[in-house]
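Participant: Read off the chains here:
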Amino acid sequence: MTKSATSLIDSAPGKMPATRLRQLSSVVFVVVWIALFFYETLRLNYLSPLLGRALPKLPLLYPPAGWIMFYQIEPRYGYAEVYRINGKSAELIDPHDIFATQAIGYDNIHRNMLVSVLDARRGEVFCAYLKRKFPDAGGFAIVHAEYPDLIASPDRVLRRVSYRCE
Amino acid sequence: MRAFLKERPSIGLSLFRPALAWTVGAHVIPSLFQLSDNYLHSGFKLKNGSFFPLSILGFVEASPDWVVRLVAILFIFSTVAFGLGYKTRLSCALMTLGCYYFYALNSLHIGTLSYDILLVTLTLVCLFNYTGDAFSLDQFRRGDVAGFWRLRPFFVQRLLQVQLTGIFWGTALAKFTVGGNWLTDNPYYALMHYPQQGVVRDFPLRSFLATQPDLCHSLGLCLIVFEFLVSLSWWFGRTRWLGIALGTAFQIMLWLTLHVPTIFLFLFPAMMLFFVPPEEWLAWIEQRRSYQASRGRAVLLYDGHCGFCKESVKRLQVLDLFGYIDLRDYHTVANLAAIHPSLSLARLESEMVLVEPDGRVSGGFDAFRRLCLRLAFLAPLAPFVHLPGAKAIGGRAYRWVATHRYLFLPRANHCAVGGSGGAAGSSSTKT
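For the record, the sequence lines run as chains E and Z. So the first sequence is numbered by my numbering: it starts at 1 and just counts up by one. So the second sequence is numbered by my numbering: it starts at 1001 and just counts up by one.
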């Protein structure tokens, strides 16, 4: 819009000046954006317990549980192992061979990304994925491993098979 | 509210753009190198149902593989274009849509809490995109010297400031509320005992800290206090720079000790710079300009009758952030010898000439090579124009352009004789 057109609107009787309209819309946006930011920051862990009901989450923006980086760290550690089965022998597969994507500046495997395959509901898809990646393997075993107490017994690891791919 | 609505220079947002593009690219692009594992139908995918409505997840999942490949190519191009500031609004929109698309397709590799922070930031920047005002190809294409000083509503920067502070406070608060165990237990000590394959890197002091539970507990408490205080320090002039330095050091320390996504390392320090008032950046530029003026500026003589030359020097002005060059149309210079005794009209008619403060004279492509060494924005070209053979090829290309300069942008040429047809006609006599 040209400057003269803007000033015409500004001076038209009964009309809200364009600059004021722009300012008003900016004010509304700022208030709404800040309200949403603090709502999503506090919603799950503070507001919902306070009100005693689950408040709705805004889709497509903000994490589901606020800013909870490294907030709860226990002295135990669970992770996933994938074994290649050939006959009676089982060989541990390096997770980097399963998910070969290399992030810049950090290692996603160390962020325990493999743990997501433990859910047996994803078993069918993950088995198909493994068969495509390792066509020579006879089968696979997906194992849930856990250090029950990293400080008291750092070498003790409990393992149980979550599911198998035949 | 005035602090949000006031119009202030957008230079901070322009400085933020390359950092934002780099953060996005560094996080997402590596996952595109394994398309068949990560995003095509053969891949293993996780869906983030708490972030995306099911309808969107279903729609994205239905993408044929060729669409995924196409979006990947578009995404890479738009990220590079946004970083360079080319068609900034469009490239930002495409890049942001690409971020959402790949996140919806598979959250396994790129989906982290820090990625959610990145998306909030991207969305806000995209909605009010003033990031192309300066330090961009858009500014260069427009020849927009005033871009550095352009006033824009300040609320985008303010909201990003509020967001960053809120994230730090939220993170600190969660460590001792809502199940956070940093006051009751010793999480830092537990981290030091994480197994080899865990999130903690093998940094030098780790084995020592693993034997010091009390020290670890104190460090954990200090961390909470630090997160509260450092984000507060950004808001005050006296503590701002110290806070930014400490905040940056904290992100570097996080990255050195933990396998955390580099989004924190790349994005947060750049966001901390939003707390520097834009007027401070401009004052610094002006200070550098004054310093340059006091040391003497180089004189670049060009043909002011040639439209192409005028448009070119306008763009050169955009690149000359610190005022190194004093641009002069040689037609308006009464005494050429006063600038340098070796200058002649015949030479100036055939090429631009650069006279540096130390008296060094260079012309044509040589002058351009000298400018690549002197102007920060041309510095990336310096290695290429100094390659063996570049002088011969560049010199020949320059001479061809100089000879035909009146044929480019003929309407912008200065009509020296009469009114009609002078421009094109004069080119043949002049060149």
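Among the clues, some could well be false.
[Stated by the list, open to error] List time: in silico PhoX-like cross-link candidates among lysine-lysine, alpha-carbon distance up to 25 Å:
| id | chain 1 | residue 1 | chain 2 | residue 2 |
| --- | --- | --- | --- | --- |
| 1 | Z | Lys1087 | Z | Lys1314 |
| 2 | Z | Lys1314 | E | Lys57 |
| 3 | E | Lys88 | E | Lys133 |
| 4 | Z | Lys1045 | E | Lys133 |
| 5 | Z | Lys1314 | E | Lys131 |
| 6 | Z | Lys1047 | E | Lys131 |
| 7 | Z | Lys1310 | Z | Lys1087 |
| 8 | Z | Lys1391 | Z | Lys1310 |
| 9 | E | Lys57 | Z | Lys1047 |
| 10 | Z | Lys1047 | E | Lys133 |
| 11 | E | Lys88 | E | Lys57 |
[Stated by the list, open to error] Label pairs and their calculated CB-CB ranges:
| id | chain 1 | residue 1 | chain 2 | residue 2 | range |
| --- | --- | --- | --- | --- | --- |
| 12 | Z | Thr1184 | E | Ile104 | 52 to 62 Å |
| 13 | E | His96 | Z | Ala1062 | 45 to 55 Å |
| 14 | Z | Pro1195 | E | Leu55 | 36 to 46 Å |
| 15 | E | His96 | Z | Thr1177 | 57 to 67 Å |
| 16 | Z | Trp1241 | E | Ile104 | 27 to 37 Å |
| 17 | E | Leu58 | Z | Ala1062 | 51 to 61 Å |
Keep in mind the hints are simulated off the structure, nothing from the lab. All C-beta atoms in this analysis are idealised placements derived from N, C-alpha and C, irrespective of residue type, glycine included.
Participant: For every hint, state whether the structure bears it out.
Facilitator: Each hint tested on the structure:
As the CA atoms of Z:Lys1087 and Z:Lys1314 are separated by approximately 19 Å, the hinted pair is consistent with the 25 Å bound. At most 25 Å may separate the alpha-carbon atoms for a hinted pair to count; Z:Lys1314 and E:Lys57 exceed this at roughly 50 Å. Distance check on the hinted pair: E:Lys88 and E:Lys133 sit about 21 Å apart at the alpha-carbon level, within 25 Å; holds. Restraint check for Z:Lys1045 and E:Lys133: satisfied, since their Cα atoms lie roughly 15 Å apart, inside the 25 Å limit.
Pair hint Z:Lys1314 plus E:Lys131 does not hold up; C-alpha atoms about 61 Å apart against a cutoff of 25 Å. For a cut-off of 25 Å, the pair hint linking Z:Lys1047 to E:Lys131 stands: about 21 Å separates their Cα positions. For a cut-off of 25 Å, the pair hint linking Z:Lys1310 to Z:Lys1087 stands: about 23 Å separates their Cα positions. Under the criterion of a C-alpha separation no larger than 25 Å, the hint pairing Z:Lys1391 with Z:Lys1310 is consistent with the structure, at around 24 Å.
A hinted pair counts as satisfied when its Cα atoms are at most 25 Å apart, and E:Lys57 with Z:Lys1047 qualifies at roughly 17 Å. With a C-alpha separation of about 21 Å, the suggested pairing of Z:Lys1047 with E:Lys133 holds against the 25 Å cut-off. Between the alpha carbons of E:Lys88 and E:Lys57 the distance comes to roughly 49 Å, so the proposed pair goes past 25 Å and is violated. Between Z:Thr1184 and E:Ile104 the beta carbon distance is about 36 Å. The supplied range of 52 to 62 Å is therefore violated.
At roughly 31 Å, the beta carbons of E:His96 and Z:Ala1062 sit outside the given window of 45 to 55 Å. Judged by the Cβ atoms, the range 36 to 46 Å given for Z:Pro1195 and E:Leu55 holds: they are separated by roughly 38 Å. Restraint check, E:His96 to Z:Thr1177: a C-beta distance of roughly 37 Å breaks the suggested window 57 to 67 Å. Look at Z:Trp1241 against E:Ile104: about 28 Å separates their beta carbons, and that is inside 27 to 37 Å.
Range check, E:Leu58 to Z:Ala1062: Cβ separation about 25 Å, and the 51 to 61 Å hint is violated.
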